[in-house]
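Chain X: place on chain F using the hints.
For reference, the chains in residue letters:
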Amino acid sequence: MTEYAIDVHGLNKHFGDKHVVKDLSLRVRRGEIFGFLGPNGSGKTTSIRMMCGLLTPDSGSGQCLGHDLSDSDAIKRKVGYMTQKFSYWDDLTIRENLDFVARMYQMPRRREAVDRTLEGLGLTSRAKQLTGALSGGWKQRLALAACMLHEPQLLLLDEPTAGVDPSARRDFWEELHRLAAQGISVLVSTHYMDEAERCHKLAYIAYGRLLAQGTADEVIASQSLATWAVAGTRLAELSQLLHGQPGVAQTVVFGGALHVSGPDGALLEATLRRITAGQPVTLTQVATGLEDVFIYLMNQSADNYAVPA
Amino acid sequence: MSRWFSLARWWSMVLKEFLQLRRDRITFGMIIGLPLVQLTLFGFAINTDPRHLPTAVVAGEHSEFTRSYLAALQNSDYFQIIGTLPDQAAATQALVQGKVQFVVHIPPDFSRRLVRGEHPSLLVEADATDPAATGMALAALGQLAQTAAHKDLNGPLAALQPAPPAFDVTVHRLYNPEGNTQFNVVPGLMGVILTMTMVMMTGLAMTRERERGTMENLLATPVRPLEVMSGKIIPYVAIGLVQSTIILLAARYVFHVPIVGNVGTIYLAALLFVAANLTVGITLSSLAQNQLQAMQLTMFYFLPNLLLSGFMFPFRGMPGWAQFIGNLLPLTHFNRLIRGILLKGSGLVELWPSIWPLLLFTTVVMGIAVKFYRRTLD
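Protein chains in written order, with UniProt numbering: chain F, 1 to 309; chain X, 1 to 378.
One should not assume that every hint holds.
Not the full set, but computed from the structure, chain X residues with beta-carbon under 10 angstroms of chain F [stated by the list, open to error]:
id, residue
1, SER6
2, ALA8
3, LEU15
4, LYS16
5, GLN20
6, ARG23
7, ARG212
8, GLY213
9, THR214
10, LEU218
11, LEU219
12, PRO222
13, VAL223
Below 30 angstroms or equal to it, Euclidean Cα-Cα: the simulated DSBU-like pairs (lysine-lysine) are [unchecked claim]:
id, chain 1, residue 1, chain 2, residue 2
14, X, LYS371, F, LYS78
15, F, LYS128, F, LYS78
16, X, LYS371, F, LYS18
17, F, LYS85, F, LYS18
18, F, LYS201, F, LYS22
19, F, LYS128, F, LYS139
20, F, LYS85, F, LYS139
21, F, LYS201, F, LYS18
22, F, LYS85, X, LYS371
Simulated from the structure, these hints should not be mistaken for lab results. Predicted model, so just to flag it, every value in this text is computed and none were measured. No residue lacks a Cβ here, since even glycine has one placed at the ideal position from N, Cα and C.
Okay, chain F solo, but in the shape it has when bound (with noise of 0.2 angstroms):
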């Protein structure tokens, strides 16, 4: 019983000549939920596919739940992998669906199994609907609970609540603490910040390129940037100006206030004051955010981007 769930390191792939994830190394821990955040083509998908064994990385090297990457049969006996589209077969009825994934995992008391997820999912009384007819947070909870069905040690989540409502992300987030709480090891892919710090977890990645990992708090703190929240009155026309200035690095409206952010806390506030002077606002220096952390990494990364290797 290894420490980690998932270690990789220097994880590269390409497709064709485009170079989708660039020396990836990750580490999630037992029982930890691990967030993967970044921008839409960043490589998370890729790099979700790699570690449960659908593609092959054209280098580096790891483990997942201790068996090599390249023994993909072991990793994929002991994964859950949910997929960013959903993936169960629309013309078959639920129960059909559950049937099919614990006959695939052999599992023992397979009937039993699919009797009790569905009792779980609620479902019961639907078992012989077909299953595309289901909305989509139906689907999302089936999904889940179909990758849960064999009982996996670890969990990939891939955008698992995109375009659910609120209040089923809520009761899905919380499912997947108590999982977490049993052992159950999760890496889960969001673009959405308030689940990035349910996480216990994160990493960024943008480009292809880890840019940051550990706790949210680590994540924030690694930045050091310094965050100016600016409350008043015509925000949009001093977002403008401040644009370019010395030590603005970022200018974000939050609701009423613009929040002003740049790595260098002293320049910030000088240019901060310069600026505003005369004008009817208030200045608050603020904690930096997570979403200001990741809209600066993104920008970072785009900057670096551009620029030829």
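Frame of chain F, contents of chain X only:
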């Protein structure tokens, strides 16, 4: 064992395919409908020995001899005299416009010259753009002249009768004495229909998984390539046998094709042929990215099978290189098998030359299919 091939997983693949097939009404309808429609269309429509071809006469004279020759033409069933035309110009126009297939020219002094023993000529012009349409009728012409002459040249004219040839040739048309096209076409249709449906269905079955994204799910489970492929094949083997049965029943009771050989041998041949086509379908589906491409590849595979297998055109009429290609196609061998069994009553020993190529084909293509099956999404 269970690491490489698990019966339980394989069976669950089979079950899943059957369930999905059962709910896919259109596909299901096609499985039964396609053989029926094709049988009706081609079985009744195709005739390589056309009769009652429209014929016009440019008559320079009317005499007993010419009437009797025209009657002989009419009685042969090949020619249907639809009228007379005034002159050569009208004849040419009728041929160009395609109103008639043949024009018979009778010169004005035909009877006089015939009686004088000058061996006059009748001219028959044929629209020979399609050799198959005119060939049989033209071959009958010479014989008809003899028959007519035999009837009319008697009494004092008997001297003009042609001398009998030095020796006779006796022809036995074996296996299909009446030259019934349907006896050849209907068994051939069995292979054509099986090729079409088997290759297309399996091709679609695999690419559908990829197109709908369910392939990713399948790949994430411990299922092995051979289990997926063979599991997907089995329902179609059953379908192939159902289609074969439909065609055999129609052959026997609608087209009255003689079934001389053993029915068990027919099914054995059908099974082998179905297997060959399914491996092709699986291979094509590994190459195709989506269902549309799978359809296109199916047509690409289907056309040479249709044209070079001896189903449509005589196999021996093709040049050597085309026969070589034809011999690589399973339909060529199946046509020989099924016609051999049905019409000639051949057994396994006589059929072996057509059986081993099918076995070899299936093995090689299955190997290619397994090699190309993508275990991953790369």
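Which earlier hints can't be squared with this structure?
Hints that this structure does not satisfy do not exist here, as all of them hold.
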